[in-house]
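Take these sequences, add in the hints, and give me the full structure.
Top line first, the protein sequences correspond to chains A and B.
Heads up: take any position in the first sequence, counting from 1, add 2, and you land on the working numbering.
Heads up: take any position in the second sequence, counting from 1, add 47, and you land on the working numbering.
These are computed hints drawn from the structure, not numbers from a lab.
Remember, predicted model here, so these are calculated numbers, not experimental data.
Hints may contain errors.
Derived DSS-like pairs: lysine-lysine, alpha-carbon spacing no greater than 30 Å straight-line [as the list claims (entries may be wrong)]:
#1 B:Lys69 / A:Lys330
#2 B:Lys82 / A:Lys325
#3 A:Lys724 / B:Lys153
#4 B:Lys153 / A:Lys735
#5 B:Lys49 / A:Lys443
#6 A:Lys330 / B:Lys87
#7 B:Lys69 / A:Lys443
Away from chain B, derived, C-beta distances all over 12 Å, residues of chain A [said to hold, decoys possible]:
#8 Asp134
#9 Glu163
#10 Thr342
#11 Glu353
#12 Tyr371
#13 Arg382
#14 Tyr465
Glycine is no exception: its CB is placed at the ideal position from the N, C-alpha and C atoms.
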Amino acid sequence: MRELSYQEMGLPEEEYEQIKTIMGREPNYLELGMWAVMWSEHCGYKNSRPLLKQFPTEGPQVIQGPGENAGVVDIGDGQALVFKIESHNHPSAIEPYQGAATGVGGIVRDIFTMGARPIALLNSLRFGELDDPQVRELFAGVVAGIAGYGNCLGIPTVAGEVYFHPSYKGNPLVNAMCVGLVNIDEIALAVASEAGSPIMMVGAKTGRDGIHGATFASEELSESSREKRPSVQVGDPFMEKLLIEACLELIQEDLVAGMQDLGAAGLTSSIAETAGKKGMGVEIDVLRVPRREKGMTPYEVMISESQERMLIVPRQGKEQRIKEIFAKWGLDATVIGQVTDSGMFRVFEGERLAGEVPVESLTGGCPVYTRVGEEPPYYREYRSFNPDSLPPYSYQKALEELLGTPSIASKRWVYTQYDYQVMTNTAVVPGDGDAAVLRVKGTAKGVAMTTDGNSRLVYLDPYQGGKLAVCEAARNLACVGARPLALTNCLNFGSPEKPHIYWQMKNAIRGMAEAARVLDTPVVSGNVSLYNETAAGAIYPTPVIGMVGLINDIEHRCDMGFKQEGDIIVMLGRRRDELGGSEYLYRCHGVESGAVPVADLDEEKRLIELLLELIREGVLCSCHDISDGGLAVALAESALKGQKGFEIQVTDNGRPLDGILFSEAPGRVVVSFKDNQMIAVKEKAGQYGIGIQVLGEVKGEDMVLKCAKKEVIRLSLEQAGKIWGEAIECCMK
Amino acid sequence: MKFAVVVFPGSNCDADCYHAVKNVMGQEVDYVWHKEENLKGYDALILPGGFSYGDYLRTGAIARFSPIMPAVVDFARRGGLVIGICNGFQILLEAGLLPGAMLRNKSLRFVCDTVYLKVKRSGTPFTNQLQEGELIRVPVAHGEGNYYCGPATLEELERNRQIVFTYSGPGGEEGEEYNPNGSQANIAGIINREGNVLGMMPHPERCAEHVLGGTDGCRIFASMINWLKEARVK
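Spelled out as C-alpha cells, the structure:
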C-alpha cells in the first residue's frame, strides 16, 4: 500500500500542527494513522459535539445516556432496553450489499457489547428515484444486505422507513437501529480500570479490509469513491452470531471487566475508548493479533476495520474460563496486550516499539469546531410560497398518484425480505401499525419502536422539521398504545464546513432538542453522518429519530386497520389545511416549497396522553397518524390494512379540499371505534383539549369521500390495493 | 413428554421452539448442543430453523456432519419423532432422512410472510389434531425453501401420501401466487415413509400464541404430544 500524506488521511494542516505539539515531535506513519482515524468526524464528532450539547439526556427512565456504546432506558421489572441507531451511508453507496450488511453487524455489536440480548432491528433508508436503474440496484442491494445479515443472526427486523428523493441519488442513506433487552444488573460498560489486566481479542481475524473507513465516511463522495471499495468491509453474520452467544455467556457468568466491539477505526478506537475512560494506558503487540493476510504492517493492523471482532478485558483470574466459553463456540480468544497506568497507548511489533500516543488526547483531545451557520437564501422564499396560487388538481387523481408514489406505497417488497417474526415476540408486524410492538416474554409488557424523519420538511425549515420528526416518532408509538420513553438519532447532513449546511444542522438539532424536552423523550444515544454530498450537491438534511416506548399490558395495543362495518371514523386533533412541504405539492404540482406546519408541542403531548388512555381502555379499534400524503392517504391505509371501505364527509371551509385531504400538519390521527363509544371519545378528547372531527364510518368495499353530499373521491379497495400494493414491486421487476 | 431441541452453531429458532414446547405446550424440553452424541431419554426431537454454520456451503450441508447427527439418524431409524423446521428440514434432506433437495426461492429473495397451508394428510404423529383438507395459517421465513425432487420421487411421495402440507390460497385454491418459494407441487412439508420424520418450511413455533396472531402451530405440537401419549398407553 502506498503511504498517504496527512492531508490524504483527512487531517487539516492545523490539526497536524496540533498533533505535533502534543507529541513534541513528528508522528511516525502508524501514529499519524491512529490520529487521523480518531480525529475524523466519524469518531471525534468535531463539528457536531457543540450542537449535540443542546439535547436533553436525562430523565428518571434513563439509565445510560450518550457516551457509551448505546443508550439504556428502564422498562420496569429490573429490565431495560438498550438501543442505538447508526449510519452506514458511504460504504452502502459504493458496495450496497456489504455496506448495508456490515452496518447491521456494527450496530448489533454495539448492543450486545452492553450485555444486552439484541431483540429487534430497524432501518431508515433513503434513495434516489426508482426510475433510475442505478438507484434500483442500490436499493435492491441494500435491502438484500440488511436481510442477509439480520436474518442470519436471528434478530427480527421489525420496522423502518424508506423514502425516495432525487437528493439521495448517488448518496443513499442507510441507518440501522438495534434494540436489546437486558437485566439492569447485567449491563456491561466499556471500562478497563485495573493496570495489569490482559486485553483479549476474539472473533474474525484481521485483514486489510476497511482501512480508513472512518476517514472515508467523513468525506464527500466523488467519482473516485468507487476506488475506495476496499474500504468497505465484508460481513460474516455467522461469526457475529457466534460472538453474540459467546459474549452473552461471558456476561451471564460475570467474567468481563470491560468489553468493546471493534467498529470504525478498528483496534485503535476500541482500545483507546476502553482504556481512555479512566485515564489508563495500554500496551499491545500487533504480532499477537490474529491475521488473515500476510505482511500486514502495524499501521494496517491498528486501523483495519475487519468486521466481527471484539475486545475483552477479563475480570482477574477469569481468562481461562473465557477461553473455554469461546472454544465451545469454536472461537479463539487471544491475549494481545495489557492495560497499564501509563496513560500512553503503546503499540509494539514484537520487541520493537512501533508507536506511542497519549490516550487521552487521542480520544478527548479531538479539536472541536463551532462554526457559524448562515441562513440560505431559499429559506425565506419557500416560506412565503402560497399553495393557494396553484391551479386546481383532481382530488381523485391526486389520491391515486400519492398511493402509487414509492415513498408512500406499501413497503411489502422490502419487509417481506426481512425475517420480522423470529424470536416469536413480534405482536404488531411491519405494515400493520404505526410502530412495531414486541412482547417481553415472561411479563405482561410490550415494547414499541419506530424510526421517523421527513427530510423535505427539515430542508424547508430545519427548526420546525426537527421538531416534527420527534413529534411523529412519539405519535407513532402512541398510536400503537406505547408511552414514548427515549430516543436515539442519526444526523445525516452534508458538509458542515458549508455555512448553509451548518445552519441546517444547528436549527434541526435545536428543534429536535426542544421537542424531545417537551415530550419527555431524552436523547440517549446517536450517531452523526456528515459530508453526505456528491458532485450534484448535498442530500436533504435528514435527522432520523429512532424511538422506543413501553406498553404496560400488551393486550392494550392497537393497529391501523379498520375492523368492522359501521365503526365510527373520526380525526383527533385540530383541523389544519396547510400544504407546505407536503408530498401532494411535490407529486401533483412539482413543488417543494411552502411554510412548514408548526408543531404545537403541548398539544402533541396531550394528544399522546389521550391516545394512550383510549387504547388502554379498549375504546379504539384502529389508530393511524396523519403524515405522508395527509388524511386521505391515512384513511386509505387503514382501509387497505383492514380490507374495509369507508364513507367520509368533509367540509370545505371555504377553500379547496386539497388542504383537508392532503395536509401533513402534525398533531392529528385517524381513529375508529364502535358507535356506542362516541360519547366516551368526545368526553375524553374534551378533557385533554384535543379537537375532534367526526368524519364518517367504516362501510362497504369502496373508499368514498364526499363534500356537501357530493362524491369527490371513490376508489375501490381492489383498485387502491393494486396501486398502493404493487408500486414498488412494479419498479423492481 | 420430553423434547430435545438440537442446537447447531447458527441455529436461531432454537429458543423459539424451546419456548413453544415448554411454556406454551407445558412439556419438558432440553437444548442439546450439536457436539453431544447421545439422545437417550427423549421422546421427540426438534431440528430448529436458522442458518447452521452460516449455511455457507449449501443450507444444512455442513450441519449434517455435526457429531450429533448419527444419534439423530439412529433416533429416527428407531421410530422416534423428529420434526425439522425450516433449516431443520434442510438438514433432514441433507442427512438423507427425507428425500429431495432445496433450491433458492424462485424470486431469488428471502421471503417472510404468513401463508395458508392445506393439510394433505391428517392422522400422522404430527397432524392427528388436524383435519384433512383443513387450512391453517403459519409463518414462513426462508431464502431456500423451493423444494425439489425428481419425478420418480415425487410420484413416490404422492403414492405413499408423504406430502403433509401444501401452500394454498385463503379459499383452499392451489396456485403459483400462493406459493412463496416456487416449490414442486406446492410442497410445504413432507414426512418419511415410516411416518415419524416430518420436514416443513413453515414455522409452527411462530404461531403458537394469540399475541403472535395465531395458534395453529400449537396443533402440530399437540399432535406430537397426543401421539406420544397414545404410544405410551399401548
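Subject >> Hints violated by the structure (listed by number, smallest first) >> reply: none
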